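Using the sequences provided together with the hints, build the complete structure.
Protein chains: 2
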Amino acid sequence: MNSNEKILLAHGGGGRLMQHLIQNLFASCFAMGQNAQQDAALLTIGSENIAFTTDCYVVDPLFFAGGDIGSLAVYGTVNDLAMMGAQPLYLSAAFILEEGLEINILQRIVHSMQQAALTAGVKIVTGDTKVVDRGRGHGIFINTTGIGCLSSQAIIAPSMIEVGDRIILNGDLGRHGLAVLSAREDLNFEPQISSDLAPLNKIVQTLLQNGIEIHAMRDLTRGGLASALNEIAQSANIQINLRESQIPVSQEVRGACELLGLDPLYVANEGRFVAFVKEQDVDKTIEILRSLGGYASCIGQVSSRARALVTLENNFGQSRILALLSGEQMPRIC
Amino acid sequence: MNSNEKILLAHGGGGRLMQHLIQNLFASCFAMGQNAQQDAALLTIGSENIAFTTDCYVVDPLFFAGGDIGSLAVYGTVNDLAMMGAQPLYLSAAFILEEGLEINILQRIVHSMQQAALTAGVKIVTGDTKVVDRGRGHGIFINTTGIGCLSSQAIIAPSMIEVGDRIILNGDLGRHGLAVLSAREDLNFEPQISSDLAPLNKIVQTLLQNGIEIHAMRDLTRGGLASALNEIAQSANIQINLRESQIPVSQEVRGACELLGLDPLYVANEGRFVAFVKEQDVDKTIEILRSLGGYASCIGQVSSRARALVTLENNFGQSRILALLSGEQMPRIC
Chain X
-8 MNSNEKILLA
2 HGGGGRLMQH
12 LIQNLFASCF
22 AMGQNAQQDA
32 ALLTIGSENI
42 AFTTDCYVVD
52 PLFFAGGDIG
62 SLAVYGTVND
72 LAMMGAQPLY
82 LSAAFILEEG
92 LEINILQRIV
102 HSMQQAALTA
112 GVKIVTGDTK
122 VVDRGRGHGI
132 FINTTGIGCL
142 SSQAIIAPSM
152 IEVGDRIILN
162 GDLGRHGLAV
172 LSAREDLNFE
182 PQISSDLAPL
192 NKIVQTLLQN
202 GIEIHAMRDL
212 TRGGLASALN
222 EIAQSANIQI
232 NLRESQIPVS
242 QEVRGACELL
252 GLDPLYVANE
262 GRFVAFVKEQ
272 DVDKTIEILR
282 SLGGYASCIG
292 QVSSRARALV
302 TLENNFGQSR
312 ILALLSGEQM
322 PRIC
Chain Z
-8 MNSNEKILLA
2 HGGGGRLMQH
12 LIQNLFASCF
22 AMGQNAQQDA
32 ALLTIGSENI
42 AFTTDCYVVD
52 PLFFAGGDIG
62 SLAVYGTVND
72 LAMMGAQPLY
82 LSAAFILEEG
92 LEINILQRIV
102 HSMQQAALTA
112 GVKIVTGDTK
122 VVDRGRGHGI
132 FINTTGIGCL
142 SSQAIIAPSM
152 IEVGDRIILN
162 GDLGRHGLAV
172 LSAREDLNFE
182 PQISSDLAPL
192 NKIVQTLLQN
202 GIEIHAMRDL
212 TRGGLASALN
222 EIAQSANIQI
232 NLRESQIPVS
242 QEVRGACELL
252 GLDPLYVANE
262 GRFVAFVKEQ
272 DVDKTIEILR
282 SLGGYASCIG
292 QVSSRARALV
302 TLENNFGQSR
312 ILALLSGEQM
322 PRIC
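Top line first, the protein sequences correspond to chains X and Z. Quick note on this note's numbering: the first sequence kicks off at -8 and runs consecutively. Quick note on this note's numbering: the second sequence kicks off at -8 and runs consecutively.
Hints are computed from structural coordinates only; laboratory data are not their basis. Computed from a predicted structure; not experimentally measured.
If chains are identical, the list can't say which one is meant, so a pair holds when it fits in one copy or spans any two.
Below, computed lysine to aspartate or glutamate pairings styled on DMTMM-like, alpha-carbon distance capped at 20 Å: (1) K(-3) / E89; (2) K114 / E39; (3) K193 / D163; (4) K275 / E204; (5) K(-3) / E90; (6) K(-3) / D124; (7) K193 / E204; (8) K269 / E204.
Below you can see the structure in the form of C-alpha cells.
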C-alpha cells in the first residue's frame, strides 16, 4: 500500500479499493483471520458461539423513501448477523451528532430505531453520544454493533460452497440505492422508488428451521449483487454463472438506471440476499421465500473451481464477465 | 424534551445536557434499563454473563502527547468493560474516514490500535469502513465496541455502595484533557503535559484477584472526577465527601488549569478511575495500586443517604458542593 495515497470515496464503496484496504491494512494488523471478508466474526465465549458485527451508517440524506438512517442502522447490522446464520440478540447504538442538529430530527431517528428493533426482535442495550463542531460532521452518523447467537452447528461460509450449488436471490434488485440517490438529488421518479430495506433474520431462521442446508449467504449492500458474488467467488475460489433473465429488476429501477447510467447489478440493496443451496433444495427454498413475500428466484449456479470468476449470460446466450467494481458508483448509500 | 432545541457541543460533554438526552430519549426508547448510566450493559448469552459497551472517538487532533485516536479507541472501550469488573475479550473497530485523508495517517492510527490491543490483551475481530465526502467529516472518527466476560459473580454497580465506603483514586488528575487541548491549540506547556491514557483492565483484575471487594467503579473520562462522582451519587442516592488535599493534581496541570480557567476536577482523564471499597480494604487497595505504578490515594468517603450530593472540603476545613457540569468545558477530548 502506497503511504502517499489519499482516501477516496471508493475506499468505502464495497469494490476493489475497499478490499485492498481491508486486506492490506485492517486484516494484517487486527486479529480478523478468516472473518475479514465476512459479514461478522464468529467467536467463542465460554461455551457459547456468537457472531459479532459492526457498521457505521453515514447515509445521505437521513430520510429516504422506505426508511431512514435509524431503521437502516438497525436492519443493516441485524442482517449482517443473519447472514452468518446467527440469531441477532443485542445491539449497541453510538451517535456522532453535528452541533446544530435539530433535536426533533434526532427524536424521529431514535423512534425509528426503536420500531425497527421491535420489528427485528433485537434489543438496543447500550449507547454513546459524541458531538462534533458544526461543519465537522454531517447531521448524524450512527454506529450499531451487534451480537447474535449461533443456534445451529452448521457453518455458513464461502468455504462450504460446492460445485453445482444453486444461487437463490430473494427479490428484485436496486431499489435501496436508487431510493437514496433520488432523495439526495431530488429526482422525482414516477412511480417513486422505495428502498427494499428490511430485516432478514426471520427469513433466514425460517429457511434453517425448514431444513434448508444453506452453504453460504451474503446480503447485497454496497456494490450490489455483482460485488457480493465477486467477493464470494474469490473467497471460495469458484466460478459463478448467472443468467440475466432470472435476475428480477423492476421496470422503474431499470428505467432509472438507464437514465442515470447505472448498472442495477452494482446498485446497493438493504433487504436482498443470495443463498447458496444444493440443487435439490432450490424449489423448497424459493417456495419458502415467496411465502414470506418477495419474488425469489434461482439466478445461477456454481460451475467449477477452475477460476474465481462471475459471469453473466444474457438473453441471447452470450456471456460476459461481471467484474468487481473499480471506482465508486454511488457513495453514501448506507 | 423540547423538539425545537438544537444539539450543542455540551450534549456530548458528560454533563447535565448529556444526562438529559440519555434519560429522556435513548433510555426511554431503547432497552437499556439499569444500564443507561453505566459504562457497559450486562447481558446473558446462554450460560455466559458478558459486558457490552460502545464508544465513538472523535478526538481533535488525532495525535497528542501520550496517545492518538487509535490507542484511545482501544483503551477507552477496554476501560469501560474493566469498570464493570469484566475481562475485555473482543473489540470491533469501525472507521468513518473523510475523503482526502492521507493513507499514512490511517496506517499510523491502525498500527497504534494494533499495539494497544496487544498491550491490553484484547482482539480486534471485525470492522467496517465508510468514507464521507470532503468537508463532511473530520479526518477520522472511530467506533470501537467491546465484549468482556464476567468471571466473578460479584456485582459492581452504584447500587452496591454502602455508607462508610471509601473512595480510592488511582493517580493524578487532568492530564488527558490538557494534553489534547494543548495539541489542538498549540499551547506549549513546559514541561509538556502527557495524557494519562492507559488500559485499566489488568489493574482491576489484580485488585479483584487479591480479594478486594469493589462495590462500584467508574473511569474519569468526559467531565472528569466531578461528573463521574455526581452520576454515581445520583444513581446510588448517596452523599460523597471529598477532601481536596488528598486529590493528586500535578504542578504542571494545576498551573495550566489556572492559566486556562479550568477546574482539574472537571478535566477528562483516560487512565484514572475511582473504586468504592470498604474501609478495611483501603490500605491494601492503595498498596496494590501503587505497586502497579501511579500515585493512588483515598480521596473521600460516602457519608450518608440523606441527599444525592458531592461535596469537597478544602484545606481550611470549608466545604463546597461539586456540581454536575452544566455547559461544555472542553469539547472533543475523546
